[in-house]
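Chains as they are written, first to last, in numbering that gives the first Met the number 0: chain A, 0 to 394; chain B, 0 to 104.
Keep in mind that a hint or two might mislead.
30 Å max Cα-Cα, derived DSS-like pairs, lysine-lysine [unchecked claim]:
1. B:K83 <-> A:K196
2. A:K206 <-> A:K305
3. A:K228 <-> B:K17
4. A:K239 <-> A:K228
5. A:K228 <-> A:K242
6. A:K206 <-> B:K60
7. B:K101 <-> A:K206
8. A:K196 <-> A:K228
9. A:K206 <-> B:K54
10. A:K206 <-> B:K104
11. A:K206 <-> A:K225
12. A:K225 <-> B:K17
13. B:K54 <-> A:K196
14. A:K206 <-> A:K242
No lab work stands behind these hints: they were computed from the structure.
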Amino acid sequence: MEYKPIRKVVSGNYAAAYAAKHARVEVVAAYPITPQTSIIEKIAEFIANGEVENLQYVAVESEHSAMAACIGASAAGARAFTATSAQGLALMHEMLHWASGARLPIVMVNVNRAMAPPWSVWDDQTDSLAQRDTGWMQFYAENNQEVYDGVLMSFKVAETVNLPAMVVESAFILSHTYDIVEMIPQELVDEFLPPRKPLYTLTDFDKPFSVGALGTPADYYEFRYKIEKAMEEAREVIRKVGKEFGEMFGRDYSQMIELYRTDDADFVFMGMGSLMGTVKQAVDVLREEGYKVGAAKVRWFRPFPKDELYELAKNVKGIAVLDRNFSFGQEGILFNEAKGVLYNTDAHPIMKNYIVGLGGRDFTVNDVKKIADNMKAIIEKGELDVEVDWYHLKR
Amino acid sequence: MNTLFGEKKEGATKIVLKSVDEYPEAPITLGTTLINFTGDWRTFIPVVDDNKCVKCYICWKFCPEPAIYIREDGYVGIDYDYCKGCGICANECPTNAITMEKEEK
Ligand code: SF4
Ligand code: SF4
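Turn these sequences into a full structure, and let the hints steer you where they fit.
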């Protein structure tokens, strides 16, 4: 079948809901939380309108239960989906370990929102990055199209390596902002994403077994290692699935870090999610003005794209890491990870951390230009002014 | 693979896996429940009255240990090697067919 995209003007949240529908999810268990709510409302609408078959919606009383229900459904062999945001994701934390530990390929959309207090509903990546060590893969979407594509690819990757995956989009900047999204006809989605083949299924009554029985010190360790092996395998699977997606639908995701005009760049801006759209635009402006700059958008934060980062770092003099998140007592989380990766390599560009956009603070092309000037001066001088720059701080 | 799915307890032995490759991909039971006799934890034991039992198997579903089994005549039996005396079965039984009695050791 020839691929003719169906163009719809949708919000990031509706893009997520359509992707779940097109992935033919069988169980959705979710609890409403701003700004995620319209994802699950849309899914409820699909069910109410009879637009989906074989989709069970489980109304639960909290996010902890939402994930628990997804775990049960996924263990029984179903393709399970949920969505949440900030405090809701935090409440799910315990269950996130359960999903990855039991090796269940659940896919969740998390709408990045700042953690309270002060109470906030705006964009900030600290909620999802705080789940870094739960064994979930994490994909950061730049725009609504990437939310849609990300959900479809995540299911495929997750079901190949048997680990859960999170697709992350920005509060309001994507979740409630409408944009054209090219959707894929159902038959072609089915071709790309065939029905799930579970690793085990609880409903196989001829082979009873228990999930999550006691693991003594004699066995626990090996299961942790197996998760890490699956994460390592996921890097290759992600590249392969991303390439296949590109060949089928014209948008290539084979690179875990998307490089934008980095070829001859002196220094690059690195970051994740929607702010990288602004950065790419700024790179175009700066290039016109003679700056040799590029952008490196980290698509997958877990597994972390070590090889891609090394290749990039070898060829630039500096990396400005833009973190819309913060780990208190240390620094921006992406910055921390990126420095750690490069320490034992021969690639040591000057790296500076800019803390930007926390709690939805506006981050514009002009800001990127100011950061470019600062980076340029640092590189010329050969030393950092400060390592971690609270860029917007009212001084 | 019988390292994953235990048979009956007569054959139950502790399975020692020597290399990481022998482990199943997911932590589904390695027979730990089978060899771990939880029956010596208890103070009270459930006693089933077949005259009151209506074979609904709610107790069988709720028992957190592999302690309740379905006998050939369809009534439920308790495997006291595994029953830890929690009393969930007695609490859940809709006909009060199960009573918890102090165990004489
Ligand atoms: S007392 Fe507890 S362990 Fe024993 S049979 Fe009843 S539910 Fe099972
Ligand atoms: S719950 Fe009570 S009635 Fe039902 S099977 Fe068990 S003992 Fe019988």
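Are any of the numbered hints broken by this structure? If so, which, sorted upward? 1, 2, 7, 10, 13, 14
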